[in-house]
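Here the protein sequences come in this chain order: A and B. Position 163 (the first sequence) corresponds to 165 in the working numbering; numbering is contiguous. Position 128 (the second sequence) corresponds to 149 in the working numbering; numbering is contiguous.
These are computed hints drawn from the structure, not numbers from a lab. By construction, the Cβ of each residue, glycine as well, lies at the ideal position given by its N, Cα and C atoms. Check the hints yourself; a few may be wrong.
[To be verified] Chain A stretches covered by chain B per the calculated footprint, using a threshold of three residues with CB under 8 Å from any CB of chain B: (1) 94-106; (2) 109-119; (3) 150-156.
Read off the chains here:
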Amino acid sequence: MHNPAAETASVSAAAVHPPLLQVDRVSLQYRSATAVVQATHEVSFDVHPADRFVLLGPSGCGKSSLLKSVAGFLPPAAGEIRLEGQAVHQPGPDRIVVFQEFDQLPPWKTVLQNVMFPLLASRTLGKREAAERARHYLDKVGLARFADAYPHTLSGGMKARVAIARALAMQPKMLLMDEPFAALDALTRRKMQEELLALWEEVRFTLLFVTHSIEEALVVGNRILLLSPHPGRVRAEINSHQYDLSSLGGAGFQQTAQRIHRLLFEEGSGSPTPTTEQAIHFGDVRFSY
Amino acid sequence: MSHPLPQTPPIRDEYEIPLAPLPGLVLQRQFSLPQRIWQQDWVRKGAILVLLALVWEIIARWQDNDLLLPTFLQTAQAFLDGLRSGELFGKTWLSLQVLLKAYVLGIVAAFVLTTLAVSTRFGRDLLSTLTSMFNPLPAIALLPIALLWFGLGEGSLIFVLVHSVLWALAVNTYAGFLGVSETLRMAGRNYGLRGLGFVLQVLVPAALPSILAGLRIGWAFAWRTLIAAELVFGATSGKGGLGWYIFQNRNELYTDKVFAGLAMVIIIGLLVENLVFNTLERVTVKKWGMQR
Numbered sequence: 003m004h005n006p007a008a009e010t011a012s013v014s015a016a017a018v019h020p021p022l023l024q025v026d027r028v029s030l031q032y033r034s035a036t037a038v039v040q041a042t043h044e045v046s047f048d049v050h051p052a053d054r055f056v057l058l059g060p061s062g063c064g065k066s067s068l069l070k071s072v073a074g075f076l077p078p079a080a081g082e083i084r085l086e087g088q089a090v091h092q093p094g095p096d097r098i099v100v101f102q103e104f105d106q107l108p109p110w111k112t113v114l115q116n117v118m119f120p121l122l123a124s125r126t127l128g129k130r131e132a133a134e135r136a137r138h139y140l141d142k143v144g145l146a147r148f149a150d151a152y153p154h155t156l157s158g159g160m161k162a163r164v165a166i167a168r169a170l171a172m173q174p175k176m177l178l179m180d181e182p183f184a185a186l187d188a189l190t191r192r193k194m195q196e197e198l199l200a201l202w203e204e205v206r207f208t209l210l211f212v213t214h215s216i217e218e219a220l221v222v223g224n225r226i227l228l229l230s231p232h233p234g235r236v237r238a239e240i241n242s243h244q245y246d247l248s249s250l251g252g253a254g255f256q257q258t259a260q261r262i263h264r265l266l267f268e269e270g271s272g273s274p275t276p277t278t279e280q281a282i283h284f285g286d287v288r289f290s291y
Numbered sequence: 022m023s024h025p026l027p028q029t030p031p032i033r034d035e036y037e038i039p040l041a042p043l044p045g046l047v048l049q050r051q052f053s054l055p056q057r058i059w060q061q062d063w064v065r066k067g068a069i070l071v072l073l074a075l076v077w078e079i080i081a082r083w084q085d086n087d088l089l090l091p092t093f094l095q096t097a098q099a100f101l102d103g104l105r106s107g108e109l110f111g112k113t114w115l116s117l118q119v120l121l122k123a124y125v126l127g128i129v130a131a132f133v134l135t136t137l138a139v140s141t142r143f144g145r146d147l148l149s150t151l152t153s154m155f156n157p158l159p160a161i162a163l164l165p166i167a168l169l170w171f172g173l174g175e176g177s178l179i180f181v182l183v184h185s186v187l188w189a190l191a192v193n194t195y196a197g198f199l200g201v202s203e204t205l206r207m208a209g210r211n212y213g214l215r216g217l218g219f220v221l222q223v224l225v226p227a228a229l230p231s232i233l234a235g236l237r238i239g240w241a242f243a244w245r246t247l248i249a250a251e252l253v254f255g256a257t258s259g260k261g262g263l264g265w266y267i268f269q270n271r272n273e274l275y276t277d278k279v280f281a282g283l284a285m286v287i288i289i290g291l292l293v294e295n296l297v298f299n300t301l302e303r304v305t306v307k308k309w310g311m312q313r
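Please model the complete structure; the sequences and the hints are all you need to start from.
Laid out in structure tokens, this is it:
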């Protein structure tokens, strides 16, 4: 699948190149009907070019809020987010978001028009160039045949592919994915992870990926930020560039997975919980409260 | 009862079946011709109309009083005569012209109001206050005032009609805008859309089912207000439209012509509903899978 040696090289080059994205002691709050809720508390991390950076944590740790904040939808209550040294203030086409929901594709546009949409809306390209580039990326995700179909005629996995093609076509500085595969069935999800890695191998985009599945984090990411539950605080950063889909169920993979599990769930409690003693089965590990 | 259930399920032999191709098996079968004909909307609706006309004819013949209820055939005759002489057609055209002008004005006004309402808080308050004030007010009630302000003629009619289109459409459009999913909104903003571009490229198409419903209601309100206005104040539009045709003929006790006028109102309603709005729906929201 991908080449670990090339990745270690890029990791060591991180010292030379400045990080692409800096999240600097960011605290996030959101308003519910009755109160202001603290989502994260002074979270800091750096994302380097061509990183596949994963935010991992249980529900309610503010990982989606962090991603929204990086996208510019949610201004931080304290701290700062910088993209290439520039503070992020509002949404923009240099950070394209791939959402979990299927309704992220405007139903009134065909697949091709959907992929062209950000290119035209942000006036990046003219109509003809946009169509050309859209076809190129649709071909990359294997949907060239469906260019003229409407989204409601596609399956969930195909919609996710369109959303990814649309994001890639913009060639953004960063790709932000908010649990993009969570609504897919297990088989399709596995296939999409595989395709995403293959695309990364080809295009080398910078990815910020939110998930609450340890397995998905290890497979998709090269570096994982662990967030504690409510309010989200940084618990650890872990390397996972050595793992891919072929390492599923391997000894090292299992060990790292259990370490992550321990870090996420044994916070504060002195005694180890019995769950860590059991092997984690990776049919489909997802935990939620 | 005598056999206790076994604790473990029995172990059965595995098996595999090699699948050969299925020659001659029809995977897709066309509907038969009568079924296909009955699938057509217009055939079923046409059948309903024919049935209604039949019932009308029977009741009218049994009643046997032209002055109260002319038969369907007599009405059809009067209708054709009216068309042939050009009188019915001319009056209808007069009415429709006024209606279309007012309708377009009403749409523009509703668009401006709702765009203001989604972009500013003041606009939102303005829209909600105005709609709650004017939506329950029958547009026709404003006609006396309109006559005072704009005098006899098109101006006062258009004023009343705009009023009847505007609020129904604005309420529906605004509700549609509010119903647009957060994900679509974020996607639009993500691509740098703001202001009018955002409204036109994201909100309007996403809210199109509600907007179309509003357009339908607005059309019906405007049409009935217009006919009522012409009936009550016959010569409001100067030359007199379809309502005036109905009113005049009633005065002269040409009941069949009254019915022909009413039939024209109904036919135009049917045509606009089926040809204009249904087509609009078919090439937009239905094609996009937003509405069944």
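Now the hints, each set against the structure:
| no. | hint | in the structure |
| --- | --- | --- |
| 1 | 94-106 | holds (count 9) |
| 2 | 109-119 | holds (count 3) |
| 3 | 150-156 | holds (count 4) |
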